[in-house]
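Participant: Letter by letter, the chains look like this.
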Amino acid sequence: MIEIEGISKTFGALKAIDDLSLTFPESAFCTLVGPSGCGKSTLLRMINAMILPDAGRISLRGTDISTLKPDRLRRGIGYVIQSVGLFPHWTIADNILTVPRLLRWPKQKCSERLGEIVALTEVDPAWLTRKPHQLSGGQQQRVGVARALAADPDIILMDEPFAALDPPSRANLQDAMRRIHVRSKKTIVFVTHDIDEALKLADVMVILNKGRLAQMGTPREILEKPKSDFVRGFAGGAAPRLRLLDLEHARTRMRPEIIESAPVIVADASLKDALNLMLTQQCQSLSVHDKAGQPIGTLHIADLIGSPHES
Amino acid sequence: MPPIRNRVLLVLGLTGSIALGFGGFLDVAPNRLARATALPIWDLSPAAGLIAALPLLAIMLLAFVKNEKWRSIAALAGAVWLFYACLIGAALLAQHLATPSEPALRISLGMAFWIPMASGLFSFFDSMQRLKLNALLRGFCFALLFFPFALLAQAGVFDALSLTKEFETHRTAFMQALIDHIVLVGAALSIALLLASPIILAIWWKTGLQKLTYASLGVIQAVPSIALFGLLIAPLSALVFYVPALAQSGIGGTGRTPAIIALVLYSLLPLVRNGMTGLAAVSPEVKDAAMGLGFTTRERVLKIDLPLAMPALLSGMRVVTVQAVGLASVAALIGAGGLGTFVFQGIGQYALDLVLVGAIPIILLALGADLGFQLLLSLARTRA
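Those protein sequences? They're chains A and B, same order as listed.
Under the working numbering, the first sequence has 187 at position 187, and the numbering climbs by one with no breaks.
Under the working numbering, the second sequence has 1191 at position 191, and the numbering climbs by one with no breaks.
Some clues are possibly wrong.
Said to hold, decoys possible - Here are the in silico distance ranges between beta carbons for each label pair: (1) Gly-1335(B) with Arg-72(A): 53 to 63 Å; (2) Pro-1002(B) with Pro-168(A): 50 to 60 Å; (3) Phe-1125(B) with Glu-116(A): 44 to 54 Å.
Unchecked claim - Every beta carbon over 12 Å from chain B, so not counted as near; a handful from chain A, in silico: (4) Gly-6; (5) Glu-112; (6) Ser-136; (7) Gly-217; (8) Thr-252; (9) Leu-275.
For the record, the hints were derived by calculation from the structure and aren't laboratory data.
Every residue gets a Cβ at the ideal spot worked out from N, C-alpha and C, and that includes glycine.
The task is simple: from the sequences and hints, build the whole structure.
Facilitator: Below you can see the structure in the form of structure tokens.
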């Protein structure tokens, strides 16, 4: 749990953070979004004392971070940045074990942990003996994530980690990040300017504007009940309802009836995928199948249009 | 005519051949002061001429060979052959010319020796470069090239040459000079390193100082070495005059002290510049990541910054060492000792062989230092 209480930060004439208070709940995947210059990166970097606030207090697990030595504090927090910043003169294995070695873990524990972390973050073991420059951008950032998780911190800070990647690698890493979160239950604070990425990943979304909290809530709350025109415009844009479809699975809106000869969609696919399939197949109904390939229901185009409470 | 694949070999082979064909292979004088007669190798022994001409011809022809690998290996072999043909040829012919009845007879090496010899060495360097040998293999090649030479020299094969005679007469002085030279360079480099590190750190923290530092160190670089040695004499003499205790510890207006000071001053700019380049090469992302993961400043400098800056630092050291080996020879003029002593003595006595007794080891020292740093560099690069 990360508590932010009355934080302010000014850079010259620019007020980056203006009397901000909020709490990132424990074990939640929190995305921190806002237009550029809204203070999201500044807030993130204040959590691990890379930037010190002018006023206010930040506590982690109930401890005020200003009472801790910065390097000690940071060794207990995972840190991933957009430019990755792997150490070019170390192998991938050495890079991943950076923090455990700073913490002087015994060799045995390090090598055990390396195995665990490679499995958790889906790093290809063949990379371990390579140098960073031998990997692609997406592979490097996967290693960046592994390095952040290596010493098993309960908090991970991620500053636009996937912004510089090509769309397939980005989607790939986003999915991996969701799985890692489900398995590890870390508290993640994830800064992004990409609203789709924020909606896709978040348990809790925090929207900042001009250094102040614009709204905090689940992606659904943000899209359905924006508190201001700013949030409505920023989060939903021109098509908030379309974005909502991305948050829900086919399973939640299907009817229990079973039909033959309709295009098939899996129950875990999003409603957006379902709509896309209807448009490409030019049909109005889809047959919903479970993982085993058994038909379990039907999704009609009318089911997508109404809100879930009405169906 | 087939296309030329390696111009360097063609030029080297051609110059070597011209020199061998028309220059004097051995210069013979009745005594140290008399004028020497240049004797072409063809007058001495046509067979020896042929043995030396063959590899030169081969090197020239190799310039047209297409396959780079085989061309370079063959050129390497040709170069070694040429090297030893010249050396052994000169030694044997000199032995043949020397007579016990004329002990003052001077037999020096002539143009037709030095130029083909240089052609051989340059072909050797060029081929090693083209074969992309790493520093370790290069060192090995050098050792292979010079080891038989050392054995032959030890066995007295070259004793009839006046160069060897000069060396023999100055043997004890030579050893002392060699040690002096190395000590001079070593002391200057260690002091320069000790001074450069705080300067690098200072202008690393305060970027404003950078311009001023570079400008003042640059001015020193621009002062000619003899002038700088000379400039230091007056203030140091004055210092010793007012603080006589300093004289007791060997400090003076001439001698080692001004030489070391000058060498240090010359070394600072390249060291500081390369140090800064190295540190600047550590990307800000890497530093940010290191800080964010919880490195202390000390840990970061030791584990990240320094290893990443090491290649640039070492290439700075390499430049500075080679430069200092050369400059230290000029320091002989102000009584600092070292191999330069023979060079200036030789010039004074118009004894070219004595000049070479100083100059050849200076060149070898510089080459050796260069190779040593290349080796360290390749080690640092594979780790980086």
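Participant: Range first: 44 to 54 Å. Now tell me if the beta carbons of Phe-1125(B) and Glu-116(A) are that far apart.
Facilitator: For Phe-1125(B) and Glu-116(A) the Cβ distance comes to about 53 Å; the hint holds.
Participant: Taking the minimum C-beta separation from Glu-112(A) to chain B, is that value above 12 Å?
Facilitator: Holds, since 20 Å exceeds 12 Å.
Participant: Just double-check Ser-136(A) for me: nearest Cβ-Cβ distance to chain B has to come out over 12 Å.
Facilitator: holds (17 Å)
Participant: Do the beta carbons of Gly-1335(B) and Arg-72(A) sit within 53 to 63 Å of each other?
Facilitator: holds (59 Å)
Participant: Is the nearest CB of chain B more than 12 Å from the CB of Gly-217(A)?
Facilitator: Answer for Gly-217(A): holds, closest chain B Cβ roughly 28 Å.
Participant: For Leu-275(A), is the shortest CB-to-CB distance to chain B above 12 Å, so the non-interface label stands?
Facilitator: Since the minimum Cβ distance to chain B is about 40 Å, Leu-275(A) lies beyond 12 Å and the statement holds.
Participant: Far enough from chain B: is every CB of that chain over 12 Å from the CB of Thr-252(A)?
Facilitator: Answer for Thr-252(A): holds, closest chain B Cβ roughly 39 Å.
Participant: Determine whether the non-interface label on Gly-6(A) survives the test: each CB of chain B must be over 12 Å from its CB.
Facilitator: Given a closest Cβ separation of 24 Å, the condition holds.
Participant: That 50 to 60 Å hint for Pro-1002(B) and Pro-168(A) (C-beta), does it hold up?
Facilitator: Taking Cβ atoms as reference, Pro-1002(B) and Pro-168(A) lie about 52 Å apart, which means the hint holds.
Checked against the numbered hints listed earlier, the structure breaks none of them; every hint is satisfied.
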